[in-house]
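Q: The primary structure of each chain is shown beneath.
Protein chains: 2
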Amino acid sequence: MTADCLFCKMVSGQIKPSTVYEDMDVLAFKDINPQAPVHVLVIPKKHIATLNDLDASHAGLTGKLIIAAAHIARESGIAESGYRIVMNCNADAGQSVFHVHLHLLGGRVMRWPPG
Amino acid sequence: MTADCLFCKMVSGQIKPSTVYEDMDVLAFKDINPQAPVHVLVIPKKHIATLNDLDASHAGLTGKLIIAAAHIARESGIAESGYRIVMNCNADAGQSVFHVHLHLLGGRVMRWPPG
Chain A
1 MTADCLFCKM
11 VSGQIKPSTV
21 YEDMDVLAFK
31 DINPQAPVHV
41 LVIPKKHIAT
51 LNDLDASHAG
61 LTGKLIIAAA
71 HIARESGIAE
81 SGYRIVMNCN
91 ADAGQSVFHV
101 HLHLLGGRVM
111 RWPPG
Chain B
116 MTADCLFCKM
126 VSGQIKPSTV
136 YEDMDVLAFK
146 DINPQAPVHV
156 LVIPKKHIAT
166 LNDLDASHAG
176 LTGKLIIAAA
186 HIARESGIAE
196 SGYRIVMNCN
206 ADAGQSVFHV
216 HLHLLGGRVM
226 RWPPG
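For the protein sequence lines, the chains are A and B, in the order given.
Just so you know, we're using the working numbering here: the first sequence kicks off at 1 and counts up by one.
Just so you know, we're using the working numbering here: the second sequence kicks off at 116 and counts up by one.
Chain A with its partners taken away, still in its complex shape (with noise of 0.2 Å):
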């Protein structure tokens, strides 16, 4: 973890998220700025500034993330109607956090082109 990063403060517990789910490489919790009815960001514990900095030891941690947004989905009762999963890589995507991070989204119908 780094010292400055909110994301991992949110890890070692020093800012406490609306957590919707974890295990022992993955913490999700709610968006404070939400844009749809189910907004939830999925991270994984573990620092990584942004999805350049991942190489191909990452693999099995990065598909953790896309499968604990569709459990989360479930949990939500989303799955059947549908989500979309987001990640941003730096300024031309507007990425804010340089944690590594995913976007769940669901509750509504999302448009096209996806921003």
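There are no misleading hints in this set.
Here are the in silico distance ranges between beta carbons for each label pair:
id: 1; chain 1: B; residue 1: N148; chain 2: A; residue 2: G13; range: 40 to 48 Å
id: 2; chain 1: B; residue 1: S172; chain 2: A; residue 2: G77; range: 19 to 27 Å
id: 3; chain 1: B; residue 1: D170; chain 2: A; residue 2: V109; range: 21 to 29 Å
id: 4; chain 1: A; residue 1: A49; chain 2: B; residue 2: S127; range: 36 to 44 Å
id: 5; chain 1: B; residue 1: S191; chain 2: A; residue 2: D55; range: 12 to 20 Å
id: 6; chain 1: A; residue 1: C5; chain 2: B; residue 2: A171; range: 24 to 32 Å
Derived from the structure by calculation, the hints contain no laboratory data.
From the three backbone atoms N, C-alpha and C, an ideal C-beta is built for every residue, glycine too.
With the hints as your guide, set chain B onto chain A.
A: Below, chain B alone, put in the same frame as chain A:
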């Protein structure tokens, strides 16, 4: 593979996509209706209909989709400017091909919310 799946036909070579990346597990090709200067689809070669069909055994394969997308972003010159990864599940998200796929979009500023 399933006989009537568009993306399985691309994996088997029956239909030729505009391929930008391929390895043992993953195929990536240009979206035929691009929503950004770079818009690539990344798919597992194995047929999996939706994100709801993933289980823990798919973590490594699912992570490889993300890591392949980051690699393609680098090759496309958008890694530093930024890019968005999007995965859609079922009707509310607008999933149109029922073979798991990831959208990689970049080369422009992406808006928020993501659709």
